[in-house]
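*Asks:* Please model the complete structure; the sequences and the hints are all you need to start from.
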Amino acid sequence: DTGVSQNPRHKITKRGQNVTFRCDPISEHNRLYWYRQTLGQGPEFLTYFQNEAQLEKSRLLSDRFSAERPKGSFSTLEIQRTEQGDSAMYLCASSHSPGTGATGELFFGEGSRLTVL
Amino acid sequence: AQTVTQSQPEMSVQEAETVTLSCTYDTSESDYYLFWYKQPPSRQMILVIRQEAYKQQNATENRFSVNFQKAAKSFSLKISDSQLGDAAMYFCAYRSSVRNYQLIWGAGTKLIIKP
Chain A
453 DTGVSQNPRH
463 KITKRGQNVT
473 FRCDPISEHN
483 RLYWYRQTLG
493 QGPEFLTYFQ
503 NEAQLEKSRL
513 LSDRFSAERP
523 KGSFSTLEIQ
533 RTEQGDSAMY
543 LCASSHSPGT
553 GATGELFFGE
563 GSRLTVL
Chain B
67 AQTVTQSQPE
77 MSVQEAETVT
87 LSCTYDTSES
97 DYYLFWYKQP
107 PSRQMILVIR
117 QEAYKQQNAT
127 ENRFSVNFQK
137 AAKSFSLKIS
147 DSQLGDAAMY
157 FCAYRSSVRN
167 YQLIWGAGTK
177 LIIKP
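In order, the protein sequences belong to chains A and B.
If you read the first sequence in the working numbering, its first letter stands for residue 453, the second for the next number, and so on.
If you read the second sequence in the working numbering, its first letter stands for residue 67, the second for the next number, and so on.
All clues stand as given, with none of them false.
DEER-style ranges, computed between Cβ atoms:
1) A:K509 <-> B:D97: 19 to 27 angstroms
2) A:S479 <-> B:T69: 32 to 40 angstroms
3) A:G551 <-> B:E127: 20 to 28 angstroms
4) A:K523 <-> B:S78: 44 to 52 angstroms
5) A:E535 <-> B:E127: 37 to 45 angstroms
6) B:S108 <-> A:E480: 23 to 31 angstroms
7) B:M77 <-> A:A505: 37 to 45 angstroms
8) B:K121 <-> A:S549: 16 to 24 angstroms
9) B:E127 <-> A:R461: 28 to 36 angstroms
Don't read these hints as lab results, they were simulated from the structure.
Heads up, the beta-carbon is just placed ideally off N, CA and C, and yes, glycines get one too.
*Replies:* Shown next, in the form of structure tokens:
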């Protein structure tokens, strides 16, 4: 396994357009996370999945944002009607569930950078 | 709510010297985890070191070690024998043992290595 993969790496779009990002996690990981990172800041939690179930969503995830993980493998993050404030790096990470024998360490992808003009 | 504060936006160190990055956090919980992550330019975030709050012994990973002061809610990272490849943004992060799906992050410290 080569790690967490995110596509596209860069996306430039005009305000009002829809964009979709894809994340392929490490195959044996049951958890998948989406974070958003703006310049000069640490990442902010958006949402996470355990297998195919979306178990938690941040208040940052407005109704224009939707995330799916249909088969418990890859995930997509869609942003509808993009706004300039959506410009950020969108990070995906995966992990085992923390617990006996597993630390729950997050493994990150390289991120998808969104620029909204 | 938990918060993580990194008060040093930027630090620089001479190659082969030692540098310490600071992190403080605020929580009312007694059981949690603390992490230092490294983010090189245009590269993914990678875990440097992890500390469980219930362990009194400070974690060490090769040239990286932490000074964990639970009562003071302080978690600093020491990098010994700094190398050019250590240049990166370093983020301190907190994870509750209850809400174990969410990392709460500091704003980061940019580490510059002078050759």
